[in-house]
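A.B. asks: Which chain is which? The protein sequence lines are A and B, in order.
What the first sequence shows, in the numbering used here, is residues 8 to 142, in sequence order.
What the second sequence shows, in the numbering used here, is residues 64 to 192, in sequence order.
Bear in mind the hints are in silico, worked out from the structure with no lab data behind them.
Small disclaimer: the values here were computed from a predicted structure and weren't measured.
Heads up, a few of these hints could be off.
[What the hints assert, rightly or not] SDA-like mimics (lysine to any residue), calculated; alpha carbons at most 20 Å apart, straight line:
id : chain 1 : residue 1 : chain 2 : residue 2
1  : A       : Lys31     : A       : Asn43
2  : A       : Lys31     : A       : Gly42
3  : A       : Lys31     : A       : Ser20
4  : A       : Lys31     : A       : Gln16
5  : A       : Lys31     : B       : Phe85
6  : A       : Lys31     : B       : Phe80
7  : A       : Lys31     : B       : Arg101
8  : A       : Lys31     : A       : Ser41
9  : A       : Lys31     : B       : Ile89
10 : A       : Lys31     : B       : Gly91
11 : A       : Lys31     : B       : Asp99
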Amino acid sequence: MAYSINGTQYVNSSGQFTGSHLFKTLNGYDALGSGNVDTFPSGTNGSWGSSHNVVGSLCSAFNLSYSNMNYGDGVSGSSLYHFKWSLGYEFLPCEYWRNSTSDLHYSYLSGTWRALNFHTSNSSANHNSLFIRIS
Amino acid sequence: MTYQVNGTTIIDSSRNFQSSAFARTINGQNIIGSGDLRWNRNLTWGAVGTYGVFVTTRGSNYDVSSNATASGSNLYYNGSSNYGYSYPMIRASGWVQSGGVSGTWRHTSYRSKSIYGSDRAAAFWCRIS
Chain A
8 MAYSINGTQY VNSSGQFTGS HLFKTLNGYD ALGSGNVDTF PSGTNGSWGS
58 SHNVVGSLCS AFNLSYSNMN YGDGVSGSSL YHFKWSLGYE FLPCEYWRNS
108 TSDLHYSYLS GTWRALNFHT SNSSANHNSL FIRIS
Chain B
64 MTYQVNGTTI IDSSRNFQSS AFARTINGQN IIGSGDLRWN RNLTWGAVGT
114 YGVFVTTRGS NYDVSSNATA SGSNLYYNGS SNYGYSYPMI RASGWVQSGG
164 VSGTWRHTSY RSKSIYGSDR AAAFWCRIS
């Protein structure tokens, strides 16, 4: 015998709560039911940012939207470029500066990214920074 | 006094719900009881979900695209045991040392590639399993 109120079942005959409407969902899963729900950030295999371009991903890039960037600043992924060199034959993610945009490669990143460096200075050259995708 | 359904206790005499009434677990823990259910990133070096900066000996001409994967045994850092240097963020021009990690890692930089035969470009990697 289950436990119901006005025809709505709250506890099934096995003694388990079934009223999913009682609780919020957890990462899109009903709080009630069986199985485990992991609440780690998005990304498969239990990792955070298991792709190079998902929320939570870390990425080094050159921000061409403006200079004098501070930590916490947000920037569109469409403004982030990666370093290339030797007419595009080399890709060096950790290279730290370049004085010509012709040495940069459009990254096709999406969403919004947040700068993780304290400050990136304003100068005639472009400087590599570390970003995390926040949306 | 307890509350039961079909002989199964739902609420005990101390007015606590029984864990059997909620089969779902959160982060491997039952949701009934005390304590916190939050997920914390593993702080151990090289654990699943952690990032590192490595060069790899895999890929044609060491050309590695975004989302490519590599075994931890194929990840290295730019360094020389003979000359005692470690330069993790720049290209490795020959000498590399084992990254000391295991499992499978995903290349999370857009692309890493050098045009020089023995050079390998440093990039970000995330352990996925």
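A.B. asks: Which earlier hints turn out false for this structure, listed by number in ascending order?
C.D. replies: Hint 3 is the one this structure does not satisfy, whereas the remaining hints hold.
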